[in-house]
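Student: So the chains spell out like this:
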Amino acid sequence: MFNRIYAIFVGRNREFVRDRSSLAWSLLLPVVLVFGLSFAFDGQRDEYTVGVLQAEPDIDTGAHPFLETKYVRFVAYDDLDEAMLKVERHQLDLLIDLGPPARYWINPTAAKGYFVEFALLQTASPSSNTVVKEQIEGDPVRYSDWVLPGILGMNMMFSCLFGVGYVIVRYRKNGFLKRLRATPLTAFEFITAQVASRMVLIMLITTFVYTGTHLLLDTRMEGSYFTLFLIALVGAISLVSLGLVVSARVTSEELAGGLLNLINWPMMLLSGVWFSLEGAGETVRGMSQIFPLTHILDSARAVMLDGATLTDVAPSLAALTVLSGVFLAIGSAIFRWEQY
Amino acid sequence: MPIALEARDLVKEYPGVTAVDGVSFSVPEGICFGLLGPNGAGKTTTVEIIEGVTRSTSGQVYYYGEIAGAKFRQEAGIQFQNTALQDYLTVRETIEMFRSLYERQADLDEIIEQCSLADLLDRDNRKLSGGQRQRLLLAVALVNRPRLIFLDEPTTGLDPQARRNFWDLIQNIRAGGATIVLTTHYMDEAQILCDDIAIMDAGKIVSQGAPDQLLFEKYGDKLINLSHGEIRRPNLEDLFLDLTGHSLRT
Chain F
0 MFNRIYAIFV GRNREFVRDR SSLAWSLLLP VVLVFGLSFA FDGQRDEYTV GVLQAEPDID
60 TGAHPFLETK YVRFVAYDDL DEAMLKVERH QLDLLIDLGP PARYWINPTA AKGYFVEFAL
120 LQTASPSSNT VVKEQIEGDP VRYSDWVLPG ILGMNMMFSC LFGVGYVIVR YRKNGFLKRL
180 RATPLTAFEF ITAQVASRMV LIMLITTFVY TGTHLLLDTR MEGSYFTLFL IALVGAISLV
240 SLGLVVSARV TSEELAGGLL NLINWPMMLL SGVWFSLEGA GETVRGMSQI FPLTHILDSA
300 RAVMLDGATL TDVAPSLAAL TVLSGVFLAI GSAIFRWEQY
Chain A
0 MPIALEARDL VKEYPGVTAV DGVSFSVPEG ICFGLLGPNG AGKTTTVEII EGVTRSTSGQ
60 VYYYGEIAGA KFRQEAGIQF QNTALQDYLT VRETIEMFRS LYERQADLDE IIEQCSLADL
120 LDRDNRKLSG GQRQRLLLAV ALVNRPRLIF LDEPTTGLDP QARRNFWDLI QNIRAGGATI
180 VLTTHYMDEA QILCDDIAIM DAGKIVSQGA PDQLLFEKYG DKLINLSHGE IRRPNLEDLF
240 LDLTGHSLRT
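First to last, the sequence lines map onto chains F and A.
Counting from 1, position 54 in the first sequence corresponds to residue 53 in numbering that gives the first Met the number 0; the numbering is continuous, with no gaps.
Counting from 1, position 145 in the second sequence corresponds to residue 144 in numbering that gives the first Met the number 0; the numbering is continuous, with no gaps.
Among the hints, a few may not be true.
[Said to hold, decoys possible] Here are some of the chain F residues that sit facing chain A, going by a computed Cβ distance under 7 Å:
| no. | residue |
| --- | --- |
| 1 | N2 |
| 2 | R3 |
| 3 | A6 |
| 4 | G10 |
| 5 | R13 |
| 6 | T68 |
| 7 | K69 |
| 8 | E116 |
| 9 | N173 |
| 10 | G174 |
| 11 | F175 |
| 12 | R180 |
| 13 | P183 |
| 14 | L184 |
| 15 | A186 |
Think of the hints as simulated: they come from the structure by calculation, not from any bench.
Everything numeric in this text was worked out from a predicted model, so none of it was measured.
Glycine included, C-beta positions come from ideal geometry on N, C-alpha and C.
Throw the hints in and build the complete structure from the sequences for me.
Tutor: Following this line, the structure appears as C-alpha cells:
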C-alpha cells in the first residue's frame, strides 16, 4: 500500500514542481502581495477607531455627545482586556467606558489617539475632569503584521482547493483516473497520496514565504513557531479536504472552477484575509465560523500578534479537525473515478 | 487449455439505450482474442466492464474461474483506447510510477527493450509522437508481467509503419505466453493477430469463433467477384460487413 501511495505522491510532486509557472505563481503571489500592501498601507488608516466598553453589541449614539463625532468608527467591546490590547497595539485609537465613572484609555505613542482624545474632551461636559484618563503603552501592529497571516492563509486556500480539487477533476476528465482505477490502487490510497503531496508542497511554500517576509519586514511574532506550524498544518488538511469534496464527482473543469470560486470568494471576504470583521454584525461573524480559513487566520493572528499558546488556540484547532473529518467523510463517500 | 477469462451475460444499460446486451464469451489461456465491431457496437464498454472500470448493470466476469477481483487487478495489463498520463513526467518516470503500483513487477530494462523505448526514456511524455505514445502505453500495460492483456484499439491513428511495428510487439508478447484481448475495427489486424474473434453489433455478439472457421462457415469455398473483374476468396472484412451491414454508424 505504501509503495503505491508513494508512487502517486512522487508523480504528483514532480508534476507540480516542473510546472514552473504554477510554482512561481504560488511563491511570488503572496510575497508580492505582502510587500505591496506593506508599502501601500503600513502606518495608514484613514478612519479613527474608538472602542466603547459596553455589554450590548450596538452603539447608542445618544448615550454621549462624543459618540456622534463624524469620521470616527465606534466599535463595541465587552472585554476590557481584549480592548486594552487593541489600544496597546494601536488597533484602537482610544477606548472609552461611559461609566459611571467615565474612563478612557489611550496610547501616548499613537498620533491618532492624541487627536481623538482632543475630540473626546471637546464633547465632554465642562467638568471634563470627571473623565478618568488611563495610558497604555505598546508598539503598533503594522498592517503588514496583521495582513501576513491573511495572505499566507489565502495562498494556502487557493493552493489547497485548486491544487487538489481542480487537478483531480482534470485527471478524471482526461481519463488518467480511469487508468489508475485499472490498477490495484484504491481510492483511499489515491486520495491519501494527493493530500500528502499537496500538504508537503504547501507547507514548504508557506514556510518559505513566511520566513522570507518575516526576515525582510521584521513582522511581529509573539508566540511559538511550533504552534503556528501546527495551525498551518491542521488548516491545510481542512482546506485540502474541502477541495476533495468539490472534486469528488465533478467532471467538468469549468464547473469545478465555478464551485471552487463559490467557496473561495465568501471565504476570502468573510474570514478576515484583508480586513477585520470586528465591526461586522453578529450574523456575518457567525457565518464566518463555518469557514476553515476563519479558524486558521484567527488562531494564527492570535499566536503571531498576541502570543497565544497552544491551549489558547485549541478550540480553533478542534474546529479545523472536525471540519476536516466532515469534509473527508463526504469526499470519500461520493468519490468516483470515472467521467460518466 | 484453462479458461483465462470468461464474461457471462454482461448487460450495460444507460438511460434509453442498452450498450451491452447479454454478452458472453470465454478466452482460453495463451490466445489472442479479438473483439470486433463497428463504432458504437459496445466493444469498449464490454471490455471496460471486464477490466473493472465500468460497472455492469448485470452479469459477471471470471478470471481463471474466480470472480474477477484483487488477483485480476494484479495480473491484468490494460491499454485503453484513450489514456492521458501525468504531465511533466518522462517516459522512464511514467513507467516506474505505474510499475510501483503492482506487487508483480516486470524487469524495467526488459519492458524498455520490448517496446523500443530506450531512446525516449528522458523525454517528456507530452512530446511523443502517436506511435511512440502507443508504445509507452503498451509498456505501461506490461509493467506487472501481465498474464492477461487488454488492448483497446491500440493502432487507431497510427501510420502503416507504426501499425506493423505494433503488431510485432503484440506477437512477441503473445509468444511469451500472455493471453491477449484485442478490440479493433481493422479487419487485417484481427486476421493477422487473433486466434479467436467475436463480432459485436448493437451490443450483442453476432458471431464468434476462429477467423478461418467463421469464414468457412459463412462462405464455404465461394469466391467473390470484384467490380473490376478480379476474383478472390472472401476475407474477414467481407464477413464483418455481411454481419454488421454497410450503413454508416453514428
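Student: Confirm or reject each hint.
Tutor: Hints versus structure:
no., hint, result
1, N2, "5 Å, holds"
2, R3, "5 Å, holds"
3, A6, "4 Å, holds"
4, G10, "5 Å, holds"
5, R13, "6 Å, holds"
6, T68, "60 Å, violated"
7, K69, "58 Å, violated"
8, E116, "61 Å, violated"
9, N173, "3 Å, holds"
10, G174, "5 Å, holds"
11, F175, "5 Å, holds"
12, R180, "5 Å, holds"
13, P183, "5 Å, holds"
14, L184, "5 Å, holds"
15, A186, "13 Å, violated"
Of the numbered hints stated above, those contradicted by the structure are hints 6, 7, 8, 15, listed in ascending order.
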